[in-house]
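Residue numbers (my numbering), protein chains in the order written: chain A, 5 to 115; chain B, 209 to 325.
To be clear, the hints were calculated from the coordinates, so they are not data collected in a lab.
Check before you lean on any hint, since a few could be wrong.
Computed cross-link-like contacts, EDC-like style, restricted to lysine to aspartate or glutamate with a CA-CA straight-line distance of at most 16 Å [stated by the list, open to error]:
no. : chain 1 : residue 1 : chain 2 : residue 2
1   : B       : K222      : B       : E295
2   : B       : K249      : A       : D96
3   : B       : K249      : A       : E59
If you only want the chain A side, here are some residues facing chain B, beta carbon under 10 Å, derived [to be verified]:
no. : residue
4   : G8
5   : P12
6   : Y39
7   : R45
8   : L47
9   : L52
10  : F92
11  : A97
12  : E101
13  : K102
14  : F105
By construction, the Cβ of each residue, glycine as well, lies at the ideal position given by its N, Cα and C atoms.
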Amino acid sequence: SQQGEEDPQALSIQEGENATMNCSYKTSINNLQWYRQNSGRGLVHLILIRSNEREKHSGRLRVTLDTSKKSSSLLITASRAADTASYFCATDAGGNEKLTFGTGTRLTIIP
Amino acid sequence: GAVVSQHPSWVICKSGTSVKIECRSLDFQATTMFWYRQFPKQSLMLMATSNEGSKATYEQGVEKDKFLINHASLTLSTLTVTSAHPEDSSFYICRARDSRIPNSPLHFGNGTRLTVT
Chain A
5 SQQGEEDPQA LSIQEGENAT MNCSYKTSIN NLQWYRQNSG RGLVHLILIR
55 SNEREKHSGR LRVTLDTSKK SSSLLITASR AADTASYFCA TDAGGNEKLT
105 FGTGTRLTII P
Chain B
209 GAVVSQHPSW VICKSGTSVK IECRSLDFQA TTMFWYRQFP KQSLMLMATS
259 NEGSKATYEQ GVEKDKFLIN HASLTLSTLT VTSAHPEDSS FYICRARDSR
309 IPNSPLHFGN GTRLTVT
């Protein structure tokens, strides 16, 4: 399986704290994307980082990519209760728009 | 922005019946759509790539006669789960992007929760 691994599988933090999720993958990639999924809903695209990029920011989100270690991290700063969701990384290896999803991290923000 | 509408959002059916799920691109044309399946508390697994006007491409291990895909127009792809069984109960999600805009982002539908009793 080409599926990536994410850790932790579940994370609970107090509102206002920062949340960090990690993703590891197995093959060379064109880009890596992070998605958010609220329970029982579709996925929302958060951010895309290309293989030649090392870090990217979008609002309270910060994504890093280390292609030598085949890993990425998603940092959510100043967490809010509304950030409670599952977060998935997904890799695009062949440029054919097929995405391989990681196992996901269930994030719970405690008010 | 681009919107992908998926219908129904949930369906309960009896074992042995067939269920059709629709995925529509509301304000753009999509020559390619992707269908995913997600079991509870698990990740998304790509089932097939739906191509407008041609046969779908199925991933390894996905039965094409079980999961019929039709992409007859640039705005509609359908997934039919034939002779559904309880093990087919899952969350099915489609994904598409505007074919006319290079490198435009792909958008997910809101998913369909299928329960087979």
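Status of each hint after checking the structure:
no.: 1; hint: K222/B x E295/B; verdict: holds, 12 Å
no.: 2; hint: K249/B x D96/A; verdict: violated, 22 Å
no.: 3; hint: K249/B x E59/A; verdict: violated, 29 Å
no.: 4; hint: G8; verdict: holds, 9 Å
no.: 5; hint: P12; verdict: violated, 14 Å
no.: 6; hint: Y39; verdict: holds, 8 Å
no.: 7; hint: R45; verdict: holds, 6 Å
no.: 8; hint: L47; verdict: holds, 4 Å
no.: 9; hint: L52; verdict: holds, 8 Å
no.: 10; hint: F92; verdict: holds, 6 Å
no.: 11; hint: A97; verdict: violated, 12 Å
no.: 12; hint: E101; verdict: holds, 7 Å
no.: 13; hint: K102; verdict: holds, 6 Å
no.: 14; hint: F105; verdict: holds, 4 Å
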